[in-house]
Amino acid sequence: DQQVKQNSPSLSVQEGRISILNCDYTNSMFDYFLWYKKYPAEGPTFLISISSIKDKNEDGRFTVFLNKSAKHLSLHIVPSQPGDSAVYFCAAIDNAGGTSYGKLTFGQGTILTVHP
Amino acid sequence: GAGVSQTPSNKVTEKGKYVELRCDPISGHTALYWYRQSLGQGPEFLIYFQGTGAADDSGLPNDRFFAVRPEGSVSTLKIQRTERGDSAVYLCASSPQGYGLINEQFFGPGTRLTVL
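Note that the protein sequences, when read in sequence, are chains A and B. Each residue of the first sequence is one higher than the last, beginning at 533 in my numbering. Each residue of the second sequence is one higher than the last, beginning at 245 in my numbering.
Hint data in this document are derived by calculation from the structure and do not stem from the laboratory. Ideal placement from N, C-alpha and C gives every residue a C-beta, glycine not left out. Worth double-checking, as some hints may not be accurate.
Unchecked claim - Examples of chain B residues toward chain A, derived with CB under 8 Å: (1) Tyr262; (2) Ala275; (3) Ser339.
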């Protein structure tokens, strides 16, 4: 049972344009969401997160949007740069009212390619 | 370096053999996690340590898998009687604290296990 889903295996974008990566989840107990970025032969690195009490969080070129009613979140990268080419994972945590230890449930990942 | 390190980076073994995978977390991090990433999938949770104790081992697929963290620092994931289906990248992550706070998890580069 895939509780976090990234239905687009890959995305190709021109440099300077917007990249939009999507993620859906089924577990209504998830209340904290994260995006991780992964380069080949490296571990995932944290990019940006959002709590379920918010609908938007912005950090430089990266913005995450959360639609709780639709159980959907998206990551926007503007403007996209060739160095952004990587695999992007959406992840979720059931924070259980602040008692969670941070166990991450990941989506399958989306390969982003930004062309110069 | 100051990041999470994992050894070996690659391990090739034969079906039925025993393997040990090592993780050196960031110094001072009390929380340690093991994840497994199969081809084309996102990382899947295996086990979580808070200090020396395994606080949640619900992700271990069966009793062939075992992990220890005897001194609350280095952890070893042990797999007995390996099967071809165990082939994956095994990721280790650490964070400053587990329960009650959402802390960034810092991932190591992973160990790629191939069972022939």
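Here's how the hints hold up against the structure:
Residue-level restraint check for B:Tyr262 is violated (minimum Cβ-Cβ distance to chain A is 25 Å; threshold 8 Å). A distance limit of 8 Å between C-beta atoms decides the matter here; for B:Ala275 the minimum to chain A is near 7 Å, and the interface restraint holds. With its C-beta approaching chain A no nearer than about 6 Å, B:Ser339 sits inside the 8 Å limit, and its interface hint holds.
Checked against the numbered hints listed earlier, the structure breaks hint 1 alone; every other hint is satisfied.
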